[in-house]
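A.B. asks: Make the full structure from the sequences, and use the hints.
Chains as they are written, first to last, in this note's numbering: chain A, 1 to 265; chain B, 1 to 70.
Calculated from the structure, these hints are not laboratory results.
For clarity, every value in this text was computed on a predicted model and none was experimentally measured.
Glycine included, C-beta positions come from ideal geometry on N, C-alpha and C.
One or more of the hints may lead you astray.
[As the list claims (entries may be wrong)] Pairwise CB distance ranges (calculated):
| # | chain 1 | residue 1 | chain 2 | residue 2 | range |
| --- | --- | --- | --- | --- | --- |
| 1 | B | Glu52 | A | Pro176 | 20 to 30 Å |
| 2 | A | Arg184 | B | Thr54 | 52 to 62 Å |
| 3 | B | Thr54 | A | Thr86 | 28 to 38 Å |
| 4 | B | Arg43 | A | Gly83 | 18 to 28 Å |
| 5 | B | Asp32 | A | Thr19 | 28 to 38 Å |
| 6 | A | Gln21 | B | Thr54 | 39 to 49 Å |
| 7 | B | Glu24 | A | Thr86 | 29 to 39 Å |
| 8 | A | Asp154 | B | Val8 | 35 to 45 Å |
| 9 | A | Arg185 | B | Ala56 | 45 to 55 Å |
| 10 | A | Pro12 | B | Thr54 | 18 to 28 Å |
| 11 | A | Asn175 | B | Glu28 | 47 to 57 Å |
| 12 | B | Arg46 | A | Ala88 | 14 to 24 Å |
| 13 | B | Thr54 | A | Tyr85 | 46 to 56 Å |
| 14 | A | Gln21 | B | Ala49 | 31 to 41 Å |
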Amino acid sequence: MTTAVETLRDAPLTIGGRTFQSRLMVGTGKYPDMDTMVRAIDTSGAEAVTVAVRRVNLDRSKETSVLHFLDPKRFFLLANTAGCYTAADAVRYARLAREAGFNDFVKLEVIGDEETLLPDVQGLLEAAKILVQEGFKVLAYTNEDLVTALRLEDAGCAAVMPLASPIGSGLGLLNPLSVRTIKRRLHVPVIVDAGVGTASDACVTMEQGVDGILMNTAIAAAQDPVAMAHAMRLATIAGRTAYLAGRMPRREVAMPSSPTQGMLD
Amino acid sequence: MKQTVDVVINGEHKPITPGVTLLELLAELELDPRTVVVEHNRRIVRRPALAEVTVAAGDAIELVHFVGGG
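C.D. replies: This is the structure we're talking about:
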């Protein structure tokens, strides 16, 4: 990634053997219209975009396919299993997604609760094991629990995706310590997925040292999605650069920035 | 009168011509086989095989594609 600072050399983000130029990944849902979606995604600089697997509308009056608007040669399509509440359903959706013929990556979601959309980690692990066995590159959406993250890595996931806060909540990074711990302990890339609301959230998240960030609603539901996509692009780079730069230590008392010597009598 | 059999496509009951292949069915529905993934009685049918699988009464067919999502 380009940080625009010559002293900082950042290795590009590589997941499951695939290298991504941007550490920001974006969703394609909930935009007011397709034109806004295309312009926002373009502005975000994201290379990987998430898509969902759904039934074709049999009355052909409405074009709902996202591929009608986004060039699959230009964007890396990361299919999700959103809406799946069991391991079996998630596996079914992942297989259908792979059959579309773009790649063998899947953003695995197994949801356990309708109100919070928090993951069912037992179902998630079960589905991850099956899909890894079938050759999928699994990016597992999970909560910010270290032990689950370790189990997912052990299961062979290509990346682990702890949440910042619940999907679509816009509450930002609620548990920086847990996310930092996951990043410190895992070897596979850690991509924070879900919960950021505005640019500062993205920046703080990237400052934890995670490898990337995935968001949808924060951009799509902004009053001006294209402008927010621009802000998110900058915030992701800013947060990453600050992490690489290494922040000053925190201290609980003041220390003057100006010399204490040379004061007048 | 043309004879038809009843199948379930994307959860909807549809009368179709008996003995059609999945590829012919997609053509009837005006769907490009390159843009949809077909599941026939819970088994994925890959594109090259669409012309080889015939549809029978009571079959459940799912036709899916990518839509916007997070």
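A.B. asks: Confirm or reject each hint.
C.D. replies: Each hint tested on the structure:
1. Here the CB-CB span from B/Glu52 to A/Pro176 is close to 55 Å, at odds with the stated 20 to 30 Å.
2. Checked against the hint of 52 to 62 Å, the C-beta distance between A/Arg184 and B/Thr54 comes to roughly 56 Å, which is consistent with it.
3. Between B/Thr54 and A/Thr86 the CB atoms are about 31 Å apart, so this pair conforms to the stated range of 28 to 38 Å.
4. Look at B/Arg43 against A/Gly83: about 21 Å separates their beta carbons, and that is inside 18 to 28 Å.
5. The hint said 28 to 38 Å for the Cβ distance between B/Asp32 and A/Thr19, and at roughly 31 Å that hint holds.
6. Between A/Gln21 and B/Thr54 the C-beta distance comes to about 46 Å, which sits within the given range of 39 to 49 Å.
7. Here the CB-CB span from B/Glu24 to A/Thr86 is close to 34 Å, well matched to the stated 29 to 39 Å.
8. At about 40 Å, the CB distance of A/Asp154 to B/Val8 agrees with the hint of 35 to 45 Å.
9. About 53 Å separates the C-beta atoms of A/Arg185 and B/Ala56, a value consistent with the hinted range of 45 to 55 Å.
10. Checked against the hint of 18 to 28 Å, the pair A/Pro12 and B/Thr54 fails, with Cβ atoms roughly 49 Å apart.
11. At roughly 52 Å, the beta-carbon separation of A/Asn175 and B/Glu28 lies within the given 47 to 57 Å, and the hint holds.
12. Taken as a hint, the range 14 to 24 Å holds for the pair B/Arg46 and A/Ala88, whose Cβ atoms sit roughly 21 Å apart.
13. Roughly 33 Å separates the CB atoms of B/Thr54 and A/Tyr85, a value that falls outside the hinted 46 to 56 Å.
14. Checked against the hint of 31 to 41 Å, the pair A/Gln21 and B/Ala49 passes, with Cβ atoms roughly 37 Å apart.
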